[in-house]
Amino acid sequence: MVEEVSSPTTTTATPTGLFARNATGLVRQVSPFSAYVLNFIGGHPVQPLAFGLFFAFATWPGGNFFLGGLLAIPMVLAFSYSFGLLTSMMPRTGGDYTLNSRILHPTLGLIGSFCQTMANFMSAAFFGRLIVTLGLGPGLIGIGLVAHNQGLIDAGNTLANSKVWIFIFGTLLFLAAAGVLGGGWGWTLRLQNGLFFVVTGGLALCAIIALLTPQSQFIANFNNFAEYWTKNPDTYHQIINGAKQNGVPLGAEFSWGNTIPMIGIFATFSIFSWFTSFIGGEIRQARSVKTANIMALSGITSLLAILLCAAIFLNTFGTDFFTAANATNGMPGALNTAPTYFFLLSASLGSVPMSILLVGLYLLFWPMLTYFVFLQPTRTMFAYAFDGILPKGITNISRNHAPYVAVGVTFVLTELVFIWSLTNDSIFQVIIYATLIQLVSMGLVGLSALVVPWRRPQLYQAAATKIRVLGVPLVSIAGAVAIFSAAFIWWLFFNYAGFGLADPTGLFIWLGGLIVAALALYFVARWVRARQGVDLRLTYAEIPPE
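In the working numbering, the protein residues as written are 404 to 949.
Just so you know, the hints here were simulated from the structure itself, not pulled from any lab data. The hints are all genuine.
For lysine-lysine, the following DSBU-like pairs were computed, each having C-alpha atoms within a straight-line distance of at most 35 Å:
(1) K634 x K566
(2) K647 x K634
(3) K693 x K869
(4) K795 x K693
For clarity, every value in this text was computed on a predicted model and none was experimentally measured.
Kindly produce the complete structure, drawing on both the sequences and the hints.
Below you can see the structure in the form of structure tokens.
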């Protein structure tokens, strides 16, 4: 291939038109702790505990919440060790694209990365809507209810139901995420870790408040708060009785059939602890098994944190009440907001400053999560350019080594997908598409992990670990379980209506379009490079330069 040069800010073209990765700012300065935080963000407990989990109690009565979480652990480990062990073999920028293109085939690498990238655009679009509809809007309503301020309640309702305001705040969220990436790695990692501590601290504060609040005291406090609005001295039990009258099966007996979708609920929040794969060339000690262990630790600790906090909140609020409140039309019309843990705790405390604090700490979660999904497209574009299938101008960086071109392209494409999402009346259809499309990429990485010892034996023999279980390479076992897990989650979405897949046709249109686009890019790039005297097939036969 080509030799690296020492220029601090440029990339150097070769006579063939390819170029080496030279000081693009992607240097090994990501510490193990920062890698842990980055992997943790994708499964951070704040969002599933606020909105993503407790609806399952009414949707699948009798399903064991905690058993479902524990049974999701093998899935978390499978994806973590598939990505992590492969990344330690090939610590380069690009994540699934680099791994799959070198182990399977360049077309599969592109198909998988197109799916991964579009899933992140869709996820960011989803977050752009949720920061208003499940963040600012309900937050203002909750503060207004605690403060007895109708103006704040009206403002919250206006925000949550206005696509104009959703577009404005969603765009501001994307700009904030781009800004996090725009200051160079030093700035980005400091801000990432700072947001992590603040957001996690907010959740820990809520858990401590709940832990110190006996259920009887919460019931008395909540009734005292709610009576001003509902004119009912026992709104707590009114919510429970209303759910029973609406057919919500409270206190249902254990059902294994309804525990199975609980596994899927946890999996969709907890199996994304491998994002440092996209910055493999930037992580210290990236060639060691520590890479995979950090991914696994991030996923397991985030999942266990969800279970721990859920147990605390359920003990304080009461399982029947929390199930009833999270059911469809569970809250009284006079309390027209989502029954999030931070709203219920604010209502119990009756403190406006505490309500503002808890809402504010929750809202900081969204720029942190959006930065997280912005990172993958920028690094994938770099990997495309390193391989010569995108112009090398995409790797231009600023003086502080921020990839401003790739970040700008990511912002524009996210904004376009965001606009599309606003035409979809079902906000959750967007994230359902994103989840299922992303699983295609994750399944392909599982396939790479499964076959790497035999398809790329030299790569496997040079790996940091060659652990075998009953004679089978650990990386292959992880890959097989990852493939099964991806297929299992697809099966769940298609067989359990509660997951909300209302338009499977649209999903397959998106998938078909991504596959066609990926193949078109590969063959067009190959034709263009061939005219320049470069055989891209030889490029993919080699590990990319660091």
